[in-house]
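Residue numbers (numbering that gives the first Met the number 0), protein chains in the order written: chain H, 0 to 267; chain P, 0 to 133.
Quick caveat, the hints were computed from the structure, so don't treat them as lab data.
It is possible that part of the hints are untrue.
Result set (PhoX-like, lysine-lysine): computed pairs, CA atoms no more than 25 Å apart in a straight line [to be verified]:
1) P:K124 - P:K22
2) H:K257 - P:K124
3) P:K69 - H:K257
4) P:K122 - P:K28
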Amino acid sequence: MKLRNIFFIALIAFITFILLIPTLLGSIGVIPPKDVRDIAKLYLYLTYNQYNRSLWAASPEAVTAIVWDYRGLDTLYETMVFYTAIIAALMLYSEILGQRDVVGGIGLSFIVKRGFSIALLAIIAVGFSTVLHGMLTPGGGFQGGAIVAVAPVIALIVFSRKLFDYSKLSYRLLVALRSLALTGIVLVPLIPLTLTLGNAFIFQNQVKTLASFSYPSTIIDVPMGGSLLLLNLFEGIAVFTAFMLAFIVLLYSEDLSKKFLEGEDIGY
Amino acid sequence: MFLITIASLYLNIAISIYGVIAKPNLVKKFIALTIAQDSINTVAILMGYRIWRGAILQPPILLSWSPSPKDLQDFMNRAVDPLPQALVLTAIVIGLAVNVFLVSAILHLYRHFKTVDMDEISKLKRGAIVEETA
């Protein structure tokens with residue numbers, strides 16, 4: 000073992016020890032705590048409190064209420080980080096984006112193709128169900144989008160690259176869909192402001208004491224969470240298209256992706 | 000009982016940070032980074048959990064769609080903390096996006112240098128610089 004490695008191990012053990020002792024002595028409280036914090040109790044108490052409609056989020060699921068209502072601006076900024084990371088990944092391949100791959104393929108056997116076609120529908124259905132029921136059950140835009148994003152990855156392997164090169168869901172369409180979804184995420188918090196000519200809060204979901212605007216909280220008798228449903232839907236589409244774009248670019252064949260490296264100096 | 004859990008989670012984080020720093024292979028660095036992300040997320044979830052002695056716990060989801068004040072009170076006393084869950088939920092997706100970026104950067108490096116070993120890459124770069132300046 001190299002001396003460098005021994006030094007690293009000793010250093011890491013020391014850091015762990017230094018971190019562990021205050022934790023065990025209670026610097027961040029008892030883990031796990033005996034009771035949840037007061038702010039968490041407040042969120043739990045108010046999220047679907049029909050007796051106090053000026054503070055409720057109309058969502059029986061407290062996590063979604065926090066993600067898109069109580070702390071909606073946080074999530075908006077997180078979406079921006081997400082957007083930037085994927086754009087950065089795409090930029091690395093900017094010269095070949097949208098091109099057809101030089102290597103074709105025939106994909107896997109007939110049985111696998113037919114079997115996966117059935118599973119594909121199920122994956123998409125489960126994903127969209129997760130997105131649309133985000134305010135009732137564990138789930139939402141992020142999770143549902145990630146579930147649906149699995150489908151194109153498997154499709155790429157089962158049907159080969161040709162499927163994407165010749166399908167209608169082209170690179171340009173995916174980028175357009177993603178931009179539309181992100182525009183939706185920006186517009187939904189602004190609609191209350193526009194409709195009431197400024198007499199509402201940004202990211203307002205339900206009625207507040209000084210602002211009377213409110214997204215519909217129920218459809219028939221099912222809680223819909225007002226703006227939470229729309230935001231989840233847009234986020235789901237954004238996540239799905241982002242991952243699909245990233246996978247399409249990552250799985251370009253080496254022959255094509257090497258083309259734009261030709262002529263560059265080694266070492267940049 | 001939770002002493003072992005907390006200690007092992009810290010150890011997990013420490014080992015993965017060691018992996019990120021010490022391993023020259025970029026793929027191993029990347030795997031170590033994802034382990035670090037998951038361990039930190041587990042610590043956050045554990046901090047939002049509550050000890051179940053004497054209480055029936057439930058996820059932060061209200062099951063009744065027309066709850067009475069008593070239902071709300073029970074829910075408040077039984078549910079675990081939803082805040083760390085909301086944090087971890089977004090952290091996972093952002094982590095995934097950053098991972099996609101890292102993977103594409105590693106793939107790019109591999110296609111350029113034909114290796115994912117950082118030591119090799121720095122040797123190649125050094126060679127190229129020496130060649131240029133000679």
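Satisfaction of hint between P:K28 and P:K122, Cα-Cα up to 25 Å: With a Cα-Cα distance of about 19 Å, the restraint between P:K122 and P:K28 holds, given a limit of 25 Å.
Given hint P:K22 paired with P:K124 - CA-CA distance at most 25 Å: Holds. P:K124 to P:K22 sits at ~19 Å (cutoff 25 Å).
Restraint status (C-alpha distance of P:K69 to H:K257 at most 25 Å): violated (65 Å)
Straight-line alpha-carbon gap H:K257 to P:K124, limit 25 Å: The hint holds at about 19 Å.
Of the hints listed earlier, the one the structure fails to meet is number 3.
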